[in-house]
Structure formats: C-alpha cells, structure tokens
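Here the structure of chain P is known, so what remains is to put chain S in place on it, guided by the hints.
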Amino acid sequence: MDLRDRTAVVTGASSGIGTETVRALASRGARVVATARREDRLEALADQVPGVVPVAADVTDPAGRARISAQAGQVDVLVNNAGVGYFGLVEQMTAEDVERLLEVNVLAAIALTKEVLPGMLERGRGAIVNVSSVAAFVALPPLTVYSATKFALQGFSEGLRREVAGRGVSVHTVNPGLTRSEFVVASQGAASPLVQAGFNAAGLPPWTVANAVVRALEAERRPGYAEVAVPRLAGFARLAALPAVSRAIDLASIPGRYAVAALGLQREAAPLGDARPGEGKRA
Amino acid sequence: MDLASRTVVVTGASEGIGRATALEVAAAGARVVAAARSAERLDELVVASKGDIVPVPVDLTTAEGREHLLEVADEPAALVNVAGAARLGAVTEVSDDDVRDLFALNVLALIELTRGVLPGMLDRGSGHVVNAGSVLGYVAGPPLAVYSATKAAVQGFTDGLRREVLGRGVDVTLVTPGAVQGTAVLDRAGGAADGSPVDVLFDVTGVGPEAVAVAIREVLEHPGWLTARARSVPRVVGAARLGTVPVVGRLVDEGTRLLRERAGRLA
Chain P
5 MDLRDRTAVV TGASSGIGTE TVRALASRGA RVVATARRED RLEALADQVP GVVPVAADVT
65 DPAGRARISA QAGQVDVLVN NAGVGYFGLV EQMTAEDVER LLEVNVLAAI ALTKEVLPGM
125 LERGRGAIVN VSSVAAFVAL PPLTVYSATK FALQGFSEGL RREVAGRGVS VHTVNPGLTR
185 SEFVVASQGA ASPLVQAGFN AAGLPPWTVA NAVVRALEAE RRPGYAEVAV PRLAGFARLA
245 ALPAVSRAID LASIPGRYAV AALGLQREAA PLGDARPGEG KRA
Chain S
504 MDLASRTVVV TGASEGIGRA TALEVAAAGA RVVAAARSAE RLDELVVASK GDIVPVPVDL
564 TTAEGREHLL EVADEPAALV NVAGAARLGA VTEVSDDDVR DLFALNVLAL IELTRGVLPG
624 MLDRGSGHVV NAGSVLGYVA GPPLAVYSAT KAAVQGFTDG LRREVLGRGV DVTLVTPGAV
684 QGTAVLDRAG GAADGSPVDV LFDVTGVGPE AVAVAIREVL EHPGWLTARA RSVPRVVGAA
744 RLGTVPVVGR LVDEGTRLLR ERAGRLA
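Going down the list, the protein sequences come from chains P and S. Residue numbering for the first sequence follows our numbering, starting at 5 and increasing by one per position. Residue numbering for the second sequence follows our numbering, starting at 504 and increasing by one per position.
Only chain P is shown next, with the shape it has when bound in the complex (with noise of 0.2 Å):
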C-alpha cells in the first residue's frame, strides 16, 4: 500500500512503539490519527510532526473508540498497538490484572478493528497492523497471561486475515522481542529489580518495530500479508507449538525459573492498577 495521503490510526501512541510508528507512516505522507490517554504526549508529538491528529481516549471505552473513529473519518491503516505488560507468577496476580491485560492487549484490539473493517470491506482497500509480541509464539514464565494474551491476538489476527482475504483488505502482526520501552517500567514500577538491572536498556529500539510496521504495510507481494518478527531472527520462536521443541522449552523453564527467582525479578509485580495502553508494553 502506497501510504501517501492515507489515514492511519495508531493506539498507544503516546510513547515506545506507537509514538515511533506514528513518526514513521507520517513520514510516508499519511495523515497519522495518534490515540491514546495522555493528552500532552500526543499534543507534544503533533507539535513536532506534520500531519499527526491527536486524539486522546481510552481504546477500552466504547465513548473512546467511537470518537477515534469520528476524528479518523475513512480509516485505510489501523495499527493495534497499545498493550500493556506483566512480569509475575499466576499465583500472585489479582483478577483486576488479569481483567486488565485482556481488555487492553486483545478485547480493545477486536472492537476497534470491527469499528474500521466494514468501511474497510466496502472500500476494497484497508490494512490492520496488530503489534503482537514474540510471546505469541512462546509462553513462557512469569508473561503466562501476558502470552496468553498475545496468543489470543495472533490466533483473532490469523483468523481474520482467512476470513478477509481476497476481499482487499490484509490483516498484519509484528511481533517484536524484548523493546526498548516503557512496557517493563509501566508494569513493573521504576524501582523494580528488572528496570534496575537495566532490561529495558537491553531491549530493541522501538523504531526497528516501526519500521517493520511500515514494511508490512508496503509489502505488495504474496500471501498479501506479513507476519514480521522483530528481529527476524525471533521468527522461529514460532516453533515452539512443536512437541520436542516445546518439551525442550518445559526443561529449560525449571532452571530458568530458578534464575528469574534467584535474580528476584519476578516477586516484585504491583499491581497494575490503572497502567495505561500505549505506556510502552512489548516483552
């Protein structure tokens, strides 16, 4: 898709991930519907870059979505980007946590993208970018039902795609790898064992996700759509649904539980109480 004079819808986009997409499609020429809660951050991104709309609202808020898709008009890009993280054992999140990550990561995604799909359909022409996670290839401890999460959005994303294609429309995921970001200080809280041991510096910057976003949606070639890991090298984390692959992965996860527990990096999950989408997420 020639991205020039588009529109583009990007959740999240307050910070990591989302503000770097949103740069990168308003660099292409397309004008750049940025959303998510934090007023200031997205008035500050539109001040630097041309052609940005920002919109604050809360894609979990069926008032919030439907004022994205006023401000929006004709939506020919959606990228699904906010999220939000958790690092910790099952055992220890609440049911608030679990309620949260569901409707941010995967219910907020589906109802956006129904919101845009029939004009989409209609038109004949229309792209979805769900920014998944390599988590959605492989759960592993403590991101258990943040993985689970991640696999949900892959396997509504695949399904979709089946059902859309042929029709012009193409349905994406980008899944990055640990990012440089806000997703661990935003579940984990800035004192955490995690951020101090400097994590979030180790991770990708977020504007190799971008880019990968904007490849995807360039791609004109065959199947019609992308499924890009970043880094690509991530992409066979995809062979995790293989039995002795998978087996491997169950025996290295007991000493590797030992590391995580010995490092204390998983005892320290708060609660996540009010983490925004679009806070920076991607494990």
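No lab work stands behind these hints: they were computed from the structure. Source: prediction; values computed, not measured. Honestly, I wouldn't trust all of these hints.
[To be verified] If the Cβ cut is set under 10 Å, some of the chain P residues that face chain S in the computed set are:
id	residue
1	V94
2	L125
3	A152
4	K154
5	L164
6	E167
7	E231
8	R261
[Said to hold, decoys possible] Covered stretches of chain P, going by a simulated chain S footprint (3 or more residues, C-beta under 8 Å):
id	stretch
9	42-49
10	105-112
11	142-151
[As the list claims (entries may be wrong)] When the alpha-carbon atoms are kept at most 25 Å apart in a straight line, the in silico DMTMM-like pairs for lysine to aspartate or glutamate are as follows:
id	chain 1	residue 1	chain 2	residue 2
12	P	K118	S	E596
13	P	K118	P	D65
14	P	K118	S	E757
15	P	K118	S	D756
16	S	K553	S	E724
17	P	K118	S	D604
18	P	K118	S	D600
19	P	K118	S	D601
20	P	K118	S	D599
21	S	K553	S	E543
22	P	K118	S	E764
Just so you know, even glycine gets a beta-carbon here, dropped at the ideal spot from N, CA and C.
Frame of chain P; chain S shown alone:
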C-alpha cells in the same frame, strides 16, 4: 492419579464434552463437582450417572459463581476446564458484547478458576489442571476467528502455566479436540441457518464428545513424566500445530480462500 474418591471439578458439565467427561470421571470412581448454568440439565446428569456427582449450578463468568464452585469443591485434586462458548460468524457479525462474553467464559473464567485452585495444589505438591483448548487454537480460521482467538489464549495460558509449575507436583494439560459432533453449542451470529458447511463438516468428520472425555480421563490417570502437555483428539489433528510454520500457514490461507470462494460463506 488414581481417581477413586478424588474430587474432580468439571465445568461446562451440562452438555457435550463436559457432560461426557463428568460421566467418564465419575465412572472411574471420582467425586465429580459438576458446574454449568442449567440446574435442570445438571440434575439430569446426576440421574444419568451411577457415580458420585455433585451438581453446582453457577455462572462461571461471575466472581461469586466461581467462589461458590470452589467452596463446594473444597480443594479439588483436579480441575477440568471445559466450559466454553462459540459464535459462528464473520468478525463483523459478532457483536462487541458477544466478543466480551466469549472471552469472559472461555478465557477469564478458566484463568480465574485455575488461579483459585492453584495455591492449594502447590501447597500440597499435587494436583492436575486440564484445559480444553481446540485445534482452532493452533490454526485459526473463519467463521470462528473470535473463538479461535479465545482458544489460542487458552493454549498460551496453559503452556506458560505448565512451565511455571513444572517440577512442583502440579500437572497442567491442554486437551485439543478437533471437530466434535453436534454443534448445538455453536451459537450463530447474523442468523445463519443450520446445515451450513461447518455443521456438515463437524458431523461427518467429528469425533463424539465421549472420545474427548476418555482422553481427559486417561490424562488424569496417567499424566506421565513431562508428558502431560497436550493431547489432541483424535491424535492426528495435533498436526495442526504445523500451522504456525509460515509455509504451512500460507497453504491454510489458500485453502480457506478457495473454500470460501466455492462455498460462498462458511457460516
């Protein structure tokens, strides 16, 4: 695990796989705590079984319902999460509320029930959680894209949880049925009629719910060392895992496209 006089919680016990599982596990001597919404159908289940079945009519999408179930079960030896719903239809035809309801039952209730029994099981150093996934969790497809997403979530959760508790005495197994006969559980969005290609496909190629129930009982009785990971019913549908390999995924894409063009719509 020898099932005799152990407590096993089975959700979704009023019909299909859940009902068959409750009967099968009760026949093996377990005390089955059977959960479903319909008190009437649970009573029928109790009458149909010669074993020990405790009916618990609850709505598992509510926290109170889940608490009540876990109270009655009182530290069960095993939890079998079967309860689930599906909406047949294009993504645009499934309402936002339906999407929410599907995730509330298929994913959230499953995770919360598991979290409810897990601390006790870890304390005792024994227990088994069996989650019903679906082959569609391996290979997602229309007209069940949203359902596929919920089952993928179940799969991811089960994989992660297994790796979390491995070596701590608690087994975690994913059972992935392929097509199962009798699609009465598949609600239809957009008013599609019965007798769709999907119905025909399920009835012709599907296994009976009893086959899945037998697999679940076997898994409970013989989890095996590190083998209690995933069990497909019939086993051959486990090959659907290959769907994650890009080139196979593309073939599935082409296949669904051809099928859709031939059949018009699948639902």
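Supplied contact hint for P:L125, tested at 10 Å Cβ to chain S: holds, 7 Å
Agreement of S:K553 and S:E543 with the hint, judged by alpha carbon distance not exceeding 25 Å: holds, 18 Å
Minimum beta-carbon distance criterion (10 Å), P:A152 to chain S: Nearest chain S Cβ about 4 Å off; hint holds.
Residues of the stretch 42-49 of chain P with Cβ under 8 Å from chain S, three needed, outcome: violated (count 0)
Given hint S:E757 paired with P:K118 - CA-CA distance at most 25 Å: Answer holds: P:K118 to S:E757 is near 23 Å, not above 25 Å.
Evaluation of the interface hint that places P:R261 against chain S, nearest CB under 10 Å: holds, 7 Å
Straight-line alpha-carbon gap P:K118 to S:D604, limit 25 Å: holds, 16 Å
Per-residue hint verdict: P:V94, partner chain S, C-beta under 10 Å: holds, 6 Å
Holds or violated: P:K118 to S:E764, with C-alpha atoms at most 25 Å apart: holds, 22 Å
Pair hint P:K118 and S:D756, alpha-carbon separation not exceeding 25 Å: holds, 21 Å
Annotated coverage of the stretch 105-112 of chain P by chain S, confirmed only when three residues or more have a Cβ within 8 Å: Since three or more residues must qualify, the claim that chain S covers the stretch 105-112 of chain P holds, with 3 doing so at under 8 Å.
Interface restraint verdict for P:E167 against chain S (beta-carbon cut-off 10 Å): Nearest chain S Cβ about 4 Å off; hint holds.
Consistency with the previously given hints fails for number 9 only.
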